[in-house]
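Student: From just these sequences and the hints, can you work out the full model?
Protein chains: 2
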Amino acid sequence: MAKFSKSDNCKNCLDCNMRIPMLSTLSRPELIELNENRFEVKFKAGETIFKQGTSATHLLILTTGLAKLYVEGVQDKQLIIRIIKPWEIIGQASLYFDNRHHYSIAALDNTTACFIEISAFKKAIQTNPLFAEEFIKNCTQKGIFSFEKMVSLSQKQMHGRIADGLIYLSGKVYENLNFDLHLSRQDVADLTGMSKDSAIRILKEFHNEGIIELDGRKLKILNYGQLERISETG
Amino acid sequence: MAKFSKSDNCKNCLDCNMRIPMLSTLSRPELIELNENRFEVKFKAGETIFKQGTSATHLLILTTGLAKLYVEGVQDKQLIIRIIKPWEIIGQASLYFDNRHHYSIAALDNTTACFIEISAFKKAIQTNPLFAEEFIKNCTQKGIFSFEKMVSLSQKQMHGRIADGLIYLSGKVYENLNFDLHLSRQDVADLTGMSKDSAIRILKEFHNEGIIELDGRKLKILNYGQLERISETG
DNA sequence: AATACAAATCGACATTTATCAGTCTTTTAC
DNA sequence: GTAAAAGACTGATAAATGTCGATTTGTATT
Numbered sequence: 011m012a013k014f015s016k017s018d019n020c021k022n023c024l025d026c027n028m029r030i031p032m033l034s035t036l037s038r039p040e041l042i043e044l045n046e047n048r049f050e051v052k053f054k055a056g057e058t059i060f061k062q063g064t065s066a067t068h069l070l071i072l073t074t075g076l077a078k079l080y081v082e083g084v085q086d087k088q089l090i091i092r093i094i095k096p097w098e099i100i101g102q103a104s105l106y107f108d109n110r111h112h113y114s115i116a117a118l119d120n121t122t123a124c125f126i127e128i129s130a131f132k133k134a135i136q137t138n139p140l141f142a143e144e145f146i147k148n149c150t151q152k153g154i155f156s157f158e159k160m161v162s163l164s165q166k167q168m169h170g171r172i173a174d175g176l177i178y179l180s181g182k183v184y185e186n187l188n189f190d191l192h193l194s195r196q197d198v199a200d201l202t203g204m205s206k207d208s209a210i211r212i213l214k215e216f217h218n219e220g221i222i223e224l225d226g227r228k229l230k231i232l233n234y235g236q237l238e239r240i241s242e243t244g
Numbered sequence: 011m012a013k014f015s016k017s018d019n020c021k022n023c024l025d026c027n028m029r030i031p032m033l034s035t036l037s038r039p040e041l042i043e044l045n046e047n048r049f050e051v052k053f054k055a056g057e058t059i060f061k062q063g064t065s066a067t068h069l070l071i072l073t074t075g076l077a078k079l080y081v082e083g084v085q086d087k088q089l090i091i092r093i094i095k096p097w098e099i100i101g102q103a104s105l106y107f108d109n110r111h112h113y114s115i116a117a118l119d120n121t122t123a124c125f126i127e128i129s130a131f132k133k134a135i136q137t138n139p140l141f142a143e144e145f146i147k148n149c150t151q152k153g154i155f156s157f158e159k160m161v162s163l164s165q166k167q168m169h170g171r172i173a174d175g176l177i178y179l180s181g182k183v184y185e186n187l188n189f190d191l192h193l194s195r196q197d198v199a200d201l202t203g204m205s206k207d208s209a210i211r212i213l214k215e216f217h218n219e220g221i222i223e224l225d226g227r228k229l230k231i232l233n234y235g236q237l238e239r240i241s242e243t244g
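Residue numbers (my numbering), protein chains in the order written: chain G, 11 to 244; chain C, 11 to 244.
Take these hints with a grain of salt, some might be off.
A pair holds if it fits inside one copy or across any two, identical chains being indistinguishable in the list.
What the hints assert, rightly or not - Calculated cross-link-like contacts (lysine to aspartate or glutamate; reagent style EDC-like; alpha-carbon spacing at most 20 Å):
no., residue 1, residue 2
1, K61, D86
2, K133, E143
3, K132, E143
4, K152, E82
5, K152, E215
6, K152, E50
7, K214, D225
8, K61, E158
9, K87, E242
10, K52, E127
11, K61, E43
12, K132, E158
Quick caveat, the hints were computed from the structure, so don't treat them as lab data.
Tutor: As C-alpha cells, then:
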C-alpha cells in the first residue's frame, strides 16, 4: 500500500522550480506556500493513484516513475489518453469545473507522486498573472494534442494508430528509439483504441516486416521513417 | 464574399458583456479597449471563416448563425469537433501556442462573426485575474468534453456514435428535440467519425424504428430515452 | 418549366476489425 | 521447485464498417 511521507524524493518545491516550467514563474514566497500544502506518496506498479469520479482536492506531480492517464469508457474499457512522466502537472482539468476527477491515473512503475493542494494553486493563479499564463499555455497545448489524438483514433486504421502510438512512445515518453516498454499489450491496445488481439497482431506484423524489433517488452524502432509513412497514410 | 463593417450586429462589446460569461468579468475600460480592437464580418453558408494552418491574429465570436469547427484529418477527411453557436469565444487554442490555427471554422448558415485582436485579449488575461480564471474554466471544460468525444469515437459502434451526435445536437446545439438540421449527411458523418453512407444508413434505421423522424433536414427526436440507451451500450 | 448539378439513397460487395477458443510462455505464489 | 495464474500469441470465424456504382431527390439557374 501507499506509504506516506512529506519529502521522500524532492526536498521541497523550490527544487521543482527548476524542473517545471510552470512553477518557475512563481516567486520564492509563493513556492514556499505551495511547499507547505503538499505531501508525497509512493505507489507500486499497478496501483491506482487517483480514480475517475472521486473528488479532486489535489494536483499531482510525479517525481519518479511512470503512470497512465486514462478515461473509463464503455463496458469497462479504458482509453489511455497519455503517459505521465515526472515533472508534469496533472489534474488541472478538474480545477475549475466540478471538483471531480474526469480521468484515472495508475502507476505503470514504482512511482512517487507529490500532491499539491488545489487551493494553493488557485491562489497562485489569482495573484500571479505570469503563472496564469503558463497555466493557460499548458491547457491549450493539451487541447491541440487532443485534436491530433481524435483524428488518429477516428480516421486511421489499426496500422496507422499503432504507428502513432509507437511514435508517441519513442518521441514523447522515452525520447529514444530503443526502450523498455512499461505498457502491457492491453495497454497498447487501450492507447490506440483497438482490441488487445489486434494490437498484438499489428505489433507482430511490424516486427516481421523489420520496422521494429519486439521481444517481450524490449522494443527497438528500426525504421522510423516507415512508421511515419504508415501514420500519414492512415 | 465577406463584407466588412465595424458594427453590423452588436453595437459594441458592452453589449456582449451581458451574453458572454467570460466577458462579464471585465471592467468598463477593459471592454472599451476590447471594443476598439474588433470588427465584424459576414459570411454566407459554406464559406470558410478561418482555415487550419493560417496564422491566428484574432479570436472569434459569432453574433448570428451557426458554424462547424473541424480539424483536417487524413486524406482530406474532416473531423467535426463541435458546432459553434453565437456568443461562444473561439480560437483560444492558438493563443499561447504557435499563433497558428489548429482547426478550421466554416459557416453552416449565413453568419456574422466578430473578430477580436488577440493582443487585447492577452492583455486582459494579464491584468484581470478573474478574467484569466474564467478563461481557464473555459479551457478545462473543453478538455473534459474532448475526453467524452474520444471515448465515443474510439469505443462506440456506429449506432452509439450517431446517438451521441443526435444527443449533442438536440441538447447542446438546438436545445430542442425538434429542429432543422444545418448539417449535411456528410457533416453528420464527419461529426461521428464514419462514412457518409453509414451515417445515412443508421439515421434511416433510427427513423424506421421510430426513434427519430427524419425528412430531409427536418429532424424530430421521438424517443430520447432510447437514444440514451443506445449511447450507453455503445 | 427545363436543365444542370449537388446531395441523398440504396444494395451488393470488399475490407477491416473484433471475438473466441485454444496453445504457449512467463511470472507469481506457496 | 512446482503449481497456478496471468499474459502473450495464433488461426478461424463472425461482425462491423467502408466502398462502389447506380438511381433518385432536391435545389439553383436560366
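Student: For each hint given before, does the structure comply? Return the numbers of the non-compliant ones in rising order.
Tutor: 5, 6, 11 and 12
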